Amino acid sequence: MIELAIALVVIFVAYLMAISSRDAVRLLISLELMFAGVFLAILPLFASIPDTAFAILVVAIFTSGAELLILISAIIILDKLKKGIEIEKISTGGDVE
Amino acid sequence: MDLYFIVPILGALALLSAIASLLTRDNFYSALYMSLTMVFIAGIYAFYNLQPSVVLITLVFVGAVGVVTIAVAATYRAKSSRKLSLLPAFAIAIVVALIILRLPLEFRFEVLENGITFLGDYFIAVLFLVCMMILIMLSTIKILKEVGR
Numbered sequence: 001m002i003e004l005a006i007a008l009v010v011i012f013v014a015y016l017m018a019i020s021s022r023d024a025v026r027l028l029i030s031l032e033l034m035f036a037g038v039f040l041a042i043l044p045l046f047a048s049i050p051d052t053a054f055a056i057l058v059v060a061i062f063t064s065g066a067e068l069l070i071l072i073s074a075i076i077i078l079d080k081l082k083k084g085i086e087i088e089k090i091s092t093g094g095d096v097e
Numbered sequence: 001m002d003l004y005f006i007v008p009i010l011g012a013l014a015l016l017s018a019i020a021s022l023l024t025r026d027n028f029y030s031a032l033y034m035s036l037t038m039v040f041i042a043g044i045y046a047f048y049n050l051q052p053s054v055v056l057i058t059l060v061f062v063g064a065v066g067v068v069t070i071a072v073a074a075t076y077r078a079k080s081s082r083k084l085s086l087l088p089a090f091a092i093a094i095v096v097a098l099i100i101l102r103l104p105l106e107f108r109f110e111v112l113e114n115g116i117t118f119l120g121d122y123f124i125a126v127l128f129l130v131c132m133m134i135l136i137m138l139s140t141i142k143i144l145k146e147v148g149r
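Chains as they are written, first to last, in the working numbering: chain H, 1 to 97; chain D, 1 to 149.
Among the hints, erroneous ones may be present.
What the hints assert, rightly or not - Only some residues are given here: those of chain D computed to face chain H with a beta carbon under 10 Å:
no., residue
1, 10
2, 14
3, 27
4, 30
5, 37
6, 40
7, 53
8, 60
9, 65
10, 73
11, 75
12, 95
13, 108
Simulated from the structure, these hints should not be mistaken for laboratory data.
Just so we're clear, the structure is a prediction, and the values are computed from it rather than from any experiment.
We treat Cβ as the ideally placed atom computed from N, Cα and C, and that holds for glycine.
All chains should be built: construct the whole structure from the sequences, respecting the hints.
If you want it as structure tokens, here you go:
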């Protein structure tokens with residue numbers, strides 16, 4: 001079960017990167033890293049239900065691809081509208097002061 | 001010969017590259033280390049002889065998602081300073097450590113690889129996901145065009 005422990009720590013590192021990121025690109029990288037942890041967490045499922053585990057893996061990979069598309073368009077739109085990709089420039093959602 | 005020692009080594013390398021991705025200040029190197037983490041995770045899948053999964057992770061995740069992320073990070077290569085929030089990080093670290101302590105780390109599972117038929121059972125599901133990706137791409141193009149006006 002060492003794979004699950006590694007997956008948990010990778011997800012934790014990615015979470016730390018997400019809360020400490022100052023620009024949208026670093027946020028994108030942290031989300032991709034979270035998906036890496038998720039892929040590792042799926043691995044023990046192959047021991048009991050391999051078909052379902054493979055289906056979950058395929059869905060997770062396509063979800064990460066869709067997330068990449070959405071975040072890249074968000075970065076481009078943010079750059080176009082706010083002339084920068086810093087997180088501070090986003091004024092909607094989250095804890096805005 | 002028992003080659004299980006490869007899994008902890010690959011896991012440690014994946015962890016090290018994930019931590020390097022967190023610690024580096026350059027977005028470009030951060031994306032590179034992120035792709036390296038993916039490669040090590042694909043290596044763990046390869047150890048268990050899950051070939052279709054290795055191909056999917058390597059081609060789609062490292063090959064496409066990773067390369068696009070590196071390209072975006074190279075475009076916006078900002079050396080931004082971090083603002084590490086220690087309190088939530090400390091709380092989550094304690095929870096993660098407690099979970100890991102409760103895990104039976106010495107337990108080793110046997111991966112079943114029979115019945116993984118990529119184009120057989122899951123063809124409709126894959127077709128559906130490809131359609132979903134195309135729809136998202138089209139809507140992205142539409143949004144970008146509207147913003148450009």
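Practice problem: Mind listing which of the numbered hints don't hold for this structure, in increasing order? | Solution: none
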